[in-house]
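**Student:** Below are the chains, spelled out letter by letter.
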Amino acid sequence: MKAASPTVSTAELAQIARTLRLHIVKMIAAANSGHPGGSLSAVDIITALYFGRVLKHDPKNPLWPDRDRFIMSKGHGVPALYAALAESGYFPVSELMTLRQVNSRMQGHPVQGLTPGIEASTGSLGQGLSVGVGHALAARLDGKSFRTYVLLGDGECQEGQVWEAAMTAGNYELGSLTAIIDSNRYQLDGAVEDINSLTPIDAKFESFGWRVIQVDGHDVGAVRVALIQAKESHDVPVCIIAHTVKGKGVTYMENNNDFHGKSPSADQLEVALSQLTD
Amino acid sequence: MTTTGTTLTMGRATREAYGEALLEVGTENKNIIVIDADLAKSTFSWTFGKVFPERFFNIGIQEANMVGIASGLASSGKIPFISSFAAFILCKGFDQLRMGAAYPKLNVKVAGSHGGISIGEDGVSQQSVEDVALACALPGFIVCIPSDEHTMRAAVKAAAEHDGPVYLRLGRPKTYVVHEKDVHFEFGRSIQVRDGHDLTIVANGLLVAQALIAADTLAKKGVEARVIDMHTIKPLDAAALERASHETGAFVVAEEHMHHGGLGSAVAQALVAGTPAPVEYVDLGDQYAESGKPDDLLEKYGMTATHIVAAAERVLVRK
Chain A
1 MKAASPTVST AELAQIARTL RLHIVKMIAA ANSGHPGGSL SAVDIITALY
51 FGRVLKHDPK NPLWPDRDRF IMSKGHGVPA LYAALAESGY FPVSELMTLR
101 QVNSRMQGHP VQGLTPGIEA STGSLGQGLS VGVGHALAAR LDGKSFRTYV
151 LLGDGECQEG QVWEAAMTAG NYELGSLTAI IDSNRYQLDG AVEDINSLTP
201 IDAKFESFGW RVIQVDGHDV GAVRVALIQA KESHDVPVCI IAHTVKGKGV
251 TYMENNNDFH GKSPSADQLE VALSQLTD
Chain B
1 MTTTGTTLTM GRATREAYGE ALLEVGTENK NIIVIDADLA KSTFSWTFGK
51 VFPERFFNIG IQEANMVGIA SGLASSGKIP FISSFAAFIL CKGFDQLRMG
101 AAYPKLNVKV AGSHGGISIG EDGVSQQSVE DVALACALPG FIVCIPSDEH
151 TMRAAVKAAA EHDGPVYLRL GRPKTYVVHE KDVHFEFGRS IQVRDGHDLT
201 IVANGLLVAQ ALIAADTLAK KGVEARVIDM HTIKPLDAAA LERASHETGA
251 FVVAEEHMHH GGLGSAVAQA LVAGTPAPVE YVDLGDQYAE SGKPDDLLEK
301 YGMTATHIVA AAERVLVRK
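Chains as they are written, first to last, in my numbering: chain A, 1 to 278; chain B, 1 to 319.
Be careful, since some hints might not be right.
[To be verified] Computed from the model, here is a short list of chain A residues facing chain B with C-beta under 8 angstroms:
{"hint": "1", "residue": "T98"}
{"hint": "2", "residue": "Q101"}
{"hint": "3", "residue": "V102"}
{"hint": "4", "residue": "S121"}
{"hint": "5", "residue": "Q127"}
{"hint": "6", "residue": "G132"}
{"hint": "7", "residue": "V133"}
{"hint": "8", "residue": "G134"}
{"hint": "9", "residue": "H135"}
{"hint": "10", "residue": "E164"}
{"hint": "11", "residue": "A165"}
By construction, these hints were calculated from the structure, which means they are not laboratory data. By construction, the Cβ of each residue, glycine as well, lies at the ideal position given by its N, Cα and C atoms.
Kindly generate the complete structure, drawing on both the sequences and the hints.
**Tutor:** As C-alpha cells, then:
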C-alpha cells in the first residue's frame, strides 16, 4: 500500500483501517494470543495519524530527529500499531505474522530499540504520557517543532502516573503534546464505569489545564480533523477523547469483553475475515 | 563513629559534591538536563538549578513521572540526571526505571540521595537500605556508591560520559576524605586504599573510611588488612577480588545496606566463581533501623570500624 496522498479521502482512510483490522485479527489468530479488543478499537485513531498526513515521520529513517513522536501507552493494543508501521514501510508486512513468536521483532508489547518506529517500551500501564512530556520538553529546549502524540486507554487512566504527567504537561503548557484516549469503556475485568469510574474525564483534563476535543473514534475523517485541530494548538496540551467500541469491526467482538485478551478460534477467524473483507 | 588512630579529615557530604559536579559537567555539556522531585535543596541538584534554570525542572513530588520524563528526554537525545531520596526514586520509580531506562537501555542517570541509615533522625521511611539490590536488578545499569567528595565528583563526570543508565547513591552526612582530589576513577575499577596481606576489607560509601580506621586498629594487633573501595557494585571488579583472594585469603565486606542483594552478595558471588575464601559481613542484616543520630544508629546496627574489626577477627579464625 502506498502512503496516502496529501488529499487523502475519508473513504481511502476507511479502506486502510479495514486493512489494518485484517492484519490484526490474522496476526493475533496466528499467535493464538494477544488483545484484539483494544487493538481494534484503536485502529481508526492510528489510521488517521499515520495515513491522514498528520504524523510527520519517515519510515526509512525511524529516528529522524525532527519526526513527530507517537507513543502507544496502552501497549497491549500494539498489533494495531505494528500493522500501521508495516503498511507505512517500516518493516515487511510479512513480519506481522511472527507476532509473539520467539526471535520476532513483533513482541507482545512495544519494545523501544527493537522494532523500527516504536518510540517507548510500554505494557506496564500509565507510563507513556510521562515519556511524552519528556519528548515535548526536549522539543522546547531544542527549539524544534516536532509534536508528540500519546495514545492511552480509558482504563489506563486509572493509573495515578497519568495524572502526574497530565498535571505537569498542563502546568508547563506543553502545546506540542497531544494525548488521545481510546475510550472503549472496558478494561480487563469489566466496564471502566463499574470498576473505578473516570467520569467526567473531560473535566478532569480541563481542570489540569488541557484543551479537550471529543470525537467519534471510528469516524476516521472526524478523528483526522480533531488531530489537525490539536496540531494547530500551541499554547496548551490537547486531549482528544475518542469514543470507541472495543473489538470494533468484528461483530462478535464488539463490546464483548471476552475478547479483551483472547485470540479468535479458527472458525471465529473465518467469520472475522469475511466481515472485514465484505 | 570511631576516629582514633587515623589521620582522616572530614570532608563534605557526597550529595554536596554531587551538586557541584552537576554544575561542572552541565557547564561543559548543554545536553545535560537536571530534574528533581521537590528535594533539590536536599540532593543539592539545586546547585545546578540556580545557575541553569532553563535546564532544570523541579517537577514536584512525582518520582514515577520524573523517571518517565527522563525516559522521553533521553530518547530525544538529552542526558537527564534525576534525583530524589534513594528510597523514593528506586522504590516509587522502579517500574518506570525498568520500562523506561533499563529495558530500552536509555541514557538516564539516577541519583538517590540519603542512602543508608546514616540519614539519621527522619527514620525508616527515608532510609534507603535496599536501593543497591533494586538498582542491581535493572539490567545494564551501572550501580555506584562513591565513598567521598572526590570520587563522587569523578563518578558524576563518568556518568555524564557513559552512554547508558547509571545509578549513583549519595549520602546525607559529611564524609571523611579517603581519596586524593585527582583520584583516578573508572566505573568497575575498584580503588585499593591500603595494602595488606592478612585479609581484605571490601567496602563502599562511608564504610570505606570506617574500614581504614579498622585497618589501623588491626595493624596495632599485628594484622595487616588490605582495604578496597569497591565503589561500583555493578559491574563488579572481580579481578581485584580474585587477586585479593590469592594474596590475602579472607574477606570482610562492609556496606550500609540490607544483607541481601548488596555489595556482600555481589562479592560472595564473584569469589565463588573464582577463588573462594571465607567472608564475614558488616551490614544492616535483614531488618529496618529507626530514628536516631547517625553515629548512634551505625553503632546500634553494627556498621562501624569496631564492627569491622570484630568481623576481621572472626574471618581470620576461618582462614
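**Student:** None of the hints should be skipped; say for each whether it holds.
**Tutor:** Evaluated hints:
Using the Cβ-Cβ criterion of 8 angstroms, the hint placing A:T98 at the interface with chain B is not satisfied: the shortest such distance is roughly 20 angstroms. Against a cut-off of 8 angstroms between C-beta atoms, the interface hint on A:Q101 is violated, since the closest Cβ of chain B lies about 19 angstroms away. Of the supplied interface hints, the one on A:V102 is violated, with its beta-carbon coming no nearer than about 18 angstroms to a beta-carbon of chain B, more than 8 angstroms. The interface hint given for A:S121 holds, since its Cβ lies 5 angstroms from the closest Cβ of chain B, which is under the 8 angstroms cut-off.
With a cut of 8 angstroms, the hint placing A:Q127 at the interface with chain B holds, because the nearest CB-to-CB distance is about 5 angstroms. The restraint placing A:G132 at the interface with chain B holds, with a minimum CB-CB distance near 6 angstroms, inside the 8 angstroms limit. Satisfaction of the interface hint for A:V133 is found here, the shortest Cβ-Cβ separation to chain B being roughly 5 angstroms, below the 8 angstroms cut-off. About 2 angstroms separates the beta-carbon of A:G134 from the nearest beta-carbon of chain B, less than 8 angstroms, and the hint is met.
This hint holds: A:H135 has a C-beta 4 angstroms from the nearest C-beta of chain B, less than the 8 angstroms allowed. Among the interface hints, the one on A:E164 holds; its C-beta lies about 4 angstroms from the nearest C-beta in chain B, closer than the 8 angstroms criterion. Given the 8 angstroms rule on beta carbons, the hint for A:A165 holds: about 5 angstroms separates it from the nearest Cβ of chain B.
Consistency with the previously given hints fails for numbers 1, 2, 3, ordered from lowest to highest.
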